[in-house]
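J.: Keeping the supplied structure of chain A fixed, place chain B upon it in accordance with the hints.
Protein sequence lines, in the order shown, are assigned to chains A and B. In short: position in the first sequence from 1, add 41, done, that's the working numbering. In short: position in the second sequence from 1, add 41, done, that's the working numbering.
To be clear, the hints were calculated from the coordinates, so they are not data collected in a lab. No experiment lies behind these values; they were computed from the predicted model shown. A portion of the hints provided could be inaccurate.
All copies of an identical chain are treated as equivalent in the list; a pair is satisfied when it fits inside any one copy or across any two copies.
As the list claims (entries may be wrong) - Once the Cα atoms are required to be at most 30 Å apart in a straight line, the calculated DSSO-like pairs of lysine-lysine come out as:
| hint | residue 1 | residue 2 |
| --- | --- | --- |
| 1 | 150 | 340 |
| 2 | 261 | 189 |
| 3 | 81 | 305 |
| 4 | 189 | 235 |
| 5 | 101 | 305 |
| 6 | 284 | 305 |
| 7 | 117 | 137 |
| 8 | 189 | 305 |
| 9 | 182 | 43 |
| 10 | 43 | 305 |
| 11 | 101 | 124 |
| 12 | 61 | 305 |
| 13 | 124 | 150 |
| 14 | 137 | 91 |
| 15 | 182 | 61 |
| 16 | 340 | 91 |
| 17 | 81 | 284 |
| 18 | 117 | 43 |
Protein chains: 2
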Amino acid sequence: MKIGILGYGNLGKGVECAIKQNPDCSLVAVFTRRDPSSVKLLTDGVPVVKVDDILSYKDKIDVLIICGGSATDLPKQTPEYAKYFNVIDSFDTHAKIPEHFANVDSSAKASGKTALISAGWDPGMFSLARLYSNAILPNGKDYTFWGKGVSQGHSDAIRRISGVKNAKQYTIPVESALDSVRNGENPELTTRQKHTRECFVVLEDGATESDKVRVEKEIKEMPNYFADYDTTVNFISEEELLKNHSGIPHGGFVFRTGKTGWNKEFDNVIEYSLKLDSNPAFTSSVIVAYARAVFRMNKEGMTGCKTVFDVPPAYLTTMSDEEIRAHLL
Amino acid sequence: MKIGILGYGNLGKGVECAIKQNPDCSLVAVFTRRDPSSVKLLTDGVPVVKVDDILSYKDKIDVLIICGGSATDLPKQTPEYAKYFNVIDSFDTHAKIPEHFANVDSSAKASGKTALISAGWDPGMFSLARLYSNAILPNGKDYTFWGKGVSQGHSDAIRRISGVKNAKQYTIPVESALDSVRNGENPELTTRQKHTRECFVVLEDGATESDKVRVEKEIKEMPNYFADYDTTVNFISEEELLKNHSGIPHGGFVFRTGKTGWNKEFDNVIEYSLKLDSNPAFTSSVIVAYARAVFRMNKEGMTGCKTVFDVPPAYLTTMSDEEIRAHLL
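Bound conformation, chain A alone (with noise of 0.2 Å):
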């Protein structure tokens, strides 16, 4: 499978790697709105492309992966580039969902091409797993909790306060609400109570304790990013956020708690969960497989947008139908 990477930055480069790990699988080229001689890329001999020139490609590339934002990247690039490529992104504005397909869906439509958005971990893996404990416990409660892991939007959030030089912020579910779920004891549980955040948080130079006061109280009070949760803030040197919290680990946890029975007297409780080093790296890894999908899928004129729900399992893999079934069924 040829593939092709546009725009190289955490996600691209966590294709590239994924790719590697891959056998039936070889990188192409990955396509830039930089300067391409400014890029460097891990894999030798592959050719960085300007983006103007995609449309050269057209038919060299199986599957082009489509590594933009959500924000204001992917909603113009993936409909855009289905109307020449296969196409997959991992687009997870979750409430733009329905206007998103929909715009790829009529792109990917019309060339005759197949597209999968929203490919990745939430959404992703995490929708399969809330889809399949729905499907099977009609009766039930769905939890979702994220972390220990990097949250770029709020760590962002920080590093605009003014006099913040850098900043990281973790997300963390808190371990007597997975608990009481596990337990299945059905817990109503608030935003508060779900998680916490801890932010490490470097100042410019020359701050003063009443510097380290304010922007506490800013952090904390924060409306959507921090105020309706218990935070905690450590200043720490650039060093030590370099040396210790440089890494990008993400995760999470799925459950769904249900009964069954006849008088619905049997609790169940399913439980997905991810522990991830690097968040990009795993999600691009979850990308990688359902291109291949996508190529099969094109293949087998199966054309427009998809997404993981659409996708039987079986064409994740490379091993035939008679290996799953005879070593992982």
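T.: Showing chain B alone in chain A's frame:
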């Protein structure tokens, strides 16, 4: 969806209960090898029919759920009834799945019906957890733990020992092994290190102390079943067995630990787990969700034998594609 149940044991009864929780499903008839007048259903107004008359229901049933045993019933029943009905079973003899698949497939292809074998949780949901995580993390290691739960096979094995009146055996995953896997330590685990076995045994009236000693020794040294495990044997009264050990709970854990990153520098742990008050009630809830998919696949002309690997997750739910994209993705 009009459902027929063939076989009214624990699993058939579980299917009946699951149908009650799924408003799109209705139970048309239960077919039995016993005298129908001796079978009392939970549902009012549904006929119990001698299995010899099943073909008179040929056009009255959308999916026939076959609730026989894997050892001798299903290898005959599923290929046979796939000639006349869309069918689904929970065949769980892992080693014989390829053979069973081939028999059911040729039968269902000839009749233009759709069949799905090995629905449930293992095989079934655990198989899916293995397939998804293997596709995402091609470099990794799989672990499956079962329990805490009742093993019917092991309970039966104890009951066959002379002097034993009744018995229940629990399979229990070793907590420290679970923790080691969960922490990404990639341990090599022997059979003994993964599970312990706990037995509750009722002896025949008049049993002596030396009977206890002999039975305990016979259990602990029984090849295949107990010899490779740390086993605890508890002698209790029949009353205590009925009071505290009459349920059929089960569950388990499927892990895949694997590496991502250019130099495989990142660790990842994917965990899927189930905790079930009633094994047959949960298994049949999975079966009913997959019966929905079987019916839909047949309407779309997808005939022959399928497994959970072939089913797009969206086919399991009554929600529309628009709804699942808006609410579950």
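J.: Check each numbered hint against the structure and report the violated ones by number, ascending.
T.: Every hint satisfied by this model.
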